[in-house]
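A.B. asks: Here is what each chain is made of, one letter per residue.
2 protein chains.
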Amino acid sequence: MAWQENVRTVTPYTAGEQPKRRDIIKLNTNECPYPPAPGVSKALAELSADDFRLYPDPDCTALVSCLADYYGLPCEQVFVGVGSDDVLALAFLTFFNSKKPILFPDITYSFYDVWAELYRIPYQKIPLDGNFQMVKEDYLVKNGGIIFPNPNAPTGVFEDLDVVEFIVGKNSGSVVIVDEAYIDFGGTSALSLASKYDNLLIVQTFSKSRAMAGMRIGYAMGNQKLIKYLSDAKFATNSYTMNRTALSLGAAAVLDDDYFKKTTAKIINTRAWFEKELDRLGFIYPKSDGNFIFVTHPRLSGAELFTALSERGIYVRHWNKPRICEYLRITIGTDEEMRALTAFLDAYV
Amino acid sequence: MAWQENVRTVTPYTAGEQPKRRDIIKLNTNECPYPPAPGVSKALAELSADDFRLYPDPDCTALVSCLADYYGLPCEQVFVGVGSDDVLALAFLTFFNSKKPILFPDITYSFYDVWAELYRIPYQKIPLDGNFQMVKEDYLVKNGGIIFPNPNAPTGVFEDLDVVEFIVGKNSGSVVIVDEAYIDFGGTSALSLASKYDNLLIVQTFSKSRAMAGMRIGYAMGNQKLIKYLSDAKFATNSYTMNRTALSLGAAAVLDDDYFKKTTAKIINTRAWFEKELDRLGFIYPKSDGNFIFVTHPRLSGAELFTALSERGIYVRHWNKPRICEYLRITIGTDEEMRALTAFLDAYV
Numbered sequence: 012m013a014w015q016e017n018v019r020t021v022t023p024y025t026a027g028e029q030p031k032r033r034d035i036i037k038l039n040t041n042e043c044p045y046p047p048a049p050g051v052s053k054a055l056a057e058l059s060a061d062d063f064r065l066y067p068d069p070d071c072t073a074l075v076s077c078l079a080d081y082y083g084l085p086c087e088q089v090f091v092g093v094g095s096d097d098v099l100a101l102a103f104l105t106f107f108n109s110k111k112p113i114l115f116p117d118i119t120y121s122f123y124d125v126w127a128e129l130y131r132i133p134y135q136k137i138p139l140d141g142n143f144q145m146v147k148e149d150y151l152v153k154n155g156g157i158i159f160p161n162p163n164a165p166t167g168v169f170e171d172l173d174v175v176e177f178i179v180g181k182n183s184g185s186v187v188i189v190d191e192a193y194i195d196f197g198g199t200s201a202l203s204l205a206s207k208y209d210n211l212l213i214v215q216t217f218s219k220s221r222a223m224a225g226m227r228i229g230y231a232m233g234n235q236k237l238i239k240y241l242s243d244a245k246f247a248t249n250s251y252t253m254n255r256t257a258l259s260l261g262a263a264a265v266l267d268d269d270y271f272k273k274t275t276a277k278i279i280n281t282r283a284w285f286e287k288e289l290d291r292l293g294f295i296y297p298k299s300d301g302n303f304i305f306v307t308h309p310r311l312s313g314a315e316l317f318t319a320l321s322e323r324g325i326y327v328r329h330w331n332k333p334r335i336c337e338y339l340r341i342t343i344g345t346d347e348e349m350r351a352l353t354a355f356l357d358a359y360v
Numbered sequence: 012m013a014w015q016e017n018v019r020t021v022t023p024y025t026a027g028e029q030p031k032r033r034d035i036i037k038l039n040t041n042e043c044p045y046p047p048a049p050g051v052s053k054a055l056a057e058l059s060a061d062d063f064r065l066y067p068d069p070d071c072t073a074l075v076s077c078l079a080d081y082y083g084l085p086c087e088q089v090f091v092g093v094g095s096d097d098v099l100a101l102a103f104l105t106f107f108n109s110k111k112p113i114l115f116p117d118i119t120y121s122f123y124d125v126w127a128e129l130y131r132i133p134y135q136k137i138p139l140d141g142n143f144q145m146v147k148e149d150y151l152v153k154n155g156g157i158i159f160p161n162p163n164a165p166t167g168v169f170e171d172l173d174v175v176e177f178i179v180g181k182n183s184g185s186v187v188i189v190d191e192a193y194i195d196f197g198g199t200s201a202l203s204l205a206s207k208y209d210n211l212l213i214v215q216t217f218s219k220s221r222a223m224a225g226m227r228i229g230y231a232m233g234n235q236k237l238i239k240y241l242s243d244a245k246f247a248t249n250s251y252t253m254n255r256t257a258l259s260l261g262a263a264a265v266l267d268d269d270y271f272k273k274t275t276a277k278i279i280n281t282r283a284w285f286e287k288e289l290d291r292l293g294f295i296y297p298k299s300d301g302n303f304i305f306v307t308h309p310r311l312s313g314a315e316l317f318t319a320l321s322e323r324g325i326y327v328r329h330w331n332k333p334r335i336c337e338y339l340r341i342t343i344g345t346d347e348e349m350r351a352l353t354a355f356l357d358a359y360v
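Heads up: the protein sequence lines correspond to chains A and B, in order. The opening residue of the first sequence carries number 12 in the working numbering; numbering runs sequentially from there. The opening residue of the second sequence carries number 12 in the working numbering; numbering runs sequentially from there.
Careful, some of the hints might be misleading.
Note that the list lumps identical chains together, so a pair holds whenever it fits in one copy or between two copies.
Stated by the list, open to error - In silico DSS-like cross-links for lysine-lysine, where the CA-CA straight-line distance does not exceed 27 angstroms:
#1 K53 / K181
#2 K239 / K332
#3 K110 / K153
#4 K31 / K111
#5 K239 / K31
Hints listed in this document are in silico derivations from the structure and should not be mistaken for laboratory results.
Generate the whole structure from the sequences, applying the supplied hints.
C.D. replies: As C-alpha cells, then:
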C-alpha cells in the first residue's frame, strides 16, 4: 500500500486573487479602502521585538477583554482566532458533528462546502428565492447545524432579525452560526439574541470594517457553553493561535471607536453614491448592506465585463456558478476608485 | 435533542504556564533566553500599519522563499504555518487518515494523543526503552502513520539518523513525521533523507532556536507531493494563516544566520556548564540535544522539587505521568538564570 491512500484529499477554497502589483484598483476581496485606526500605528511603534522570544498569551486576554468591553459581554462569551475563517473552520469541526446534514444557502460564502467536505460533514444547500433572500421555513428540516452569513456574501442581502430569530428559535437542537463578516455596513447584529438562545454563535472579523485583513483576526460571541466548547477545541489544536502583534494591534483597533464609525460611514456613503451611478447605467443589484455590491446588467455578459475590467487593471470578483455567473461582486473602494470604475463602465456600457 | 449532542468534545492539551509577571525565572516552555535577531527589530520598524488593511500573501512567498533558500530546497518543498503546532495538527488531519493506528513513543510531546483524539485517529503508544530511546523494530507493526520528535521532548534524547532512516524506509506505506522542534541544539536533521524517501515530513519551528515563540511560525519540509497535500488542506481550512507581521519578521529571522549560530552555540555551552553542575549535585539525566534537560535525583521527589522551585519563582515543567513523574524538564536559560537555579539546587540538595 502506498502512503497516498491514507491522505485526506480535498478541493481547496479559491480565494480572490491577491496580485503583488500595486498599480491596480483592487475591488475583489472586500478589504477596507482606508488604513486601520491611528491607534494601530501607535501600538505597532510600541512593540518590541525582544518580547517575541516569549510565547503569546494563550488566552488572548488583551484582545478578548477589549472585545468583551466593546460588546458589553463577559470575557467568557468571546473567542478569538486567526481570521473569521479560522473561527468558522473550528466551529464546523466542533459543532457540526452529526450524521444529519448541515444547512446553508445555495448562494453563499463558498468556504462552507469546502469545510464540510474537509471534515466529512454531510450538507444540504437551501436555495435562496429569486430576490436572493432566505426562505426561513426551508430551514425547518432535520439538520445537524445551520450556517449563513448576514449580510449574505456575495449578494450583500441582509435578512431581518426576525428571520434569524425564527431559524435560531425553531432549531434549538442545532447550533446556528450567523457569519456577520459584513455586519458593520448597515445590518443589525444578532448578538442581541445570544442571551435568549444558547444555540446561537455570532462570528465577526477585523478584515473588513476594521481594516485589518492583513493581521488575521476574527472572533465569535455566544453563550459561555458554546465558547467553552470552541475554546477546548482550540486548545486541542494549537494553544497559541494569535501572535503577539495580532493581540496588541487588534486591541488598539477596537479601542478607537470614533475612527471605526467614521470609516464605516464613509464606505456606506460611497456605496449610496455608487448605487445611483449603477442605476443610471442600467445595472441591477440586490440592496446591499455589505461593503460590496453584487451587480448584473440585462445587456452585458458578466464574464466578459469581468475580463474587460481585469484588462483595465480593475479587479472585481466573478464566479462561474449557476444562478450567479452573470453577476460581479464589486467591493466599495475609495470615492476616487469608484469614480474610475464608473468612468470605465460609462464607456463600456 | 439538544445541540450539545452534536458537539465534538475534547480534552485539550495543557501547555506550560504563561505567567503574566516578569519577575520570575521562566524555564518551563523552552523559549530562547535571547531576543530574536537584530534584523527582526529592523523589519519591525519598517512595517507600516497602513498595509494591514490588505490580506497577506496566501502563499507566504516572502517567508517560504527565505526558508527554501536557507535549506537549499525549491519553494514547492516548504510549507509554513502558525507555529509547528498548526503545521502538525494539519499534518495529522491530512496524512493520518487510516483505520490503522498511528504510532508514537509513550513518552513524547503530549499534543500527539490530543490531536489523535480530536480527529478520531486510532493510535498506539510504543514504549521507549529504559534509557528513553526508541526501539526501532517496534515500529514495524501495521500502522496508519508514525510521528516522533527528534530530539524527543521532554527527554532531550536524539536518535541517530540510521534509526530515523530505518523507520522511514521500512514504512513506505505510511507518512512518517519527524518533529524537529529542537534540532538546532546539537542533533542532525533528517532533511538529508527527504530526497530519498517521499513519505518523510520534517517539521521545525521558529519558537525555540529562532527566538520567535511570540510570532507563531512553524514549517514543514518534504517532497513536493506531501507539501502539496498539506497546502491543499490549508487552503481548505484558512486561506490566510500567516499575518503580515509574521511573514516579514520570520523572513528577517532566517536571513541573519550569524546571529542564529551564535545564540544556539551559546545555549549549547550553557547546557554543557549546567550538566557539570547537575553531575556535581547528583542529578541524573539522559544526554540532551535540546534546549532543555530532563532531570531526576535519586534522593529527591520530582513533585516536591517542582513545588519548591515554583515557590522560589523558578518555573520548570513537571508531568504527573507514569515513568516520568520523578523528572523535571528544565529549559536552558541565560548563564545568570542557570546560576541562580544552581544556587537554589545547591541549597535544596
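A.B. asks: Evaluate each hint against the coordinates.
C.D. replies: Verification of the hints:
For a Cα distance limit of 27 angstroms, the shortest separation of K53 from K181 qualifies neither inside one copy, at 47 angstroms, nor across copies, at 56 angstroms. For the identical chains of this complex, K239 and K332 are inter-copy neighbours only, at 26 angstroms across copies versus 38 angstroms inside a copy, given an alpha-carbon limit of 27 angstroms. In this assembly of identical chains, the alpha carbons of K110 and K153 lie at most 27 angstroms apart only when taken from the same copy (11 angstroms versus 30 angstroms across copies). With identical chains, the CA atoms of K31 and K111 are never at most 27 angstroms apart, being 43 angstroms at best within one copy and 44 angstroms at best between copies.
Taking the shortest alpha-carbon separations for K239 and K31, only the inter-copy value of 22 angstroms comes in at or below 27 angstroms, while the best intra-copy value is 39 angstroms.
Checked against the numbered hints given earlier, the structure breaks hints 1, 4 and satisfies all the rest.
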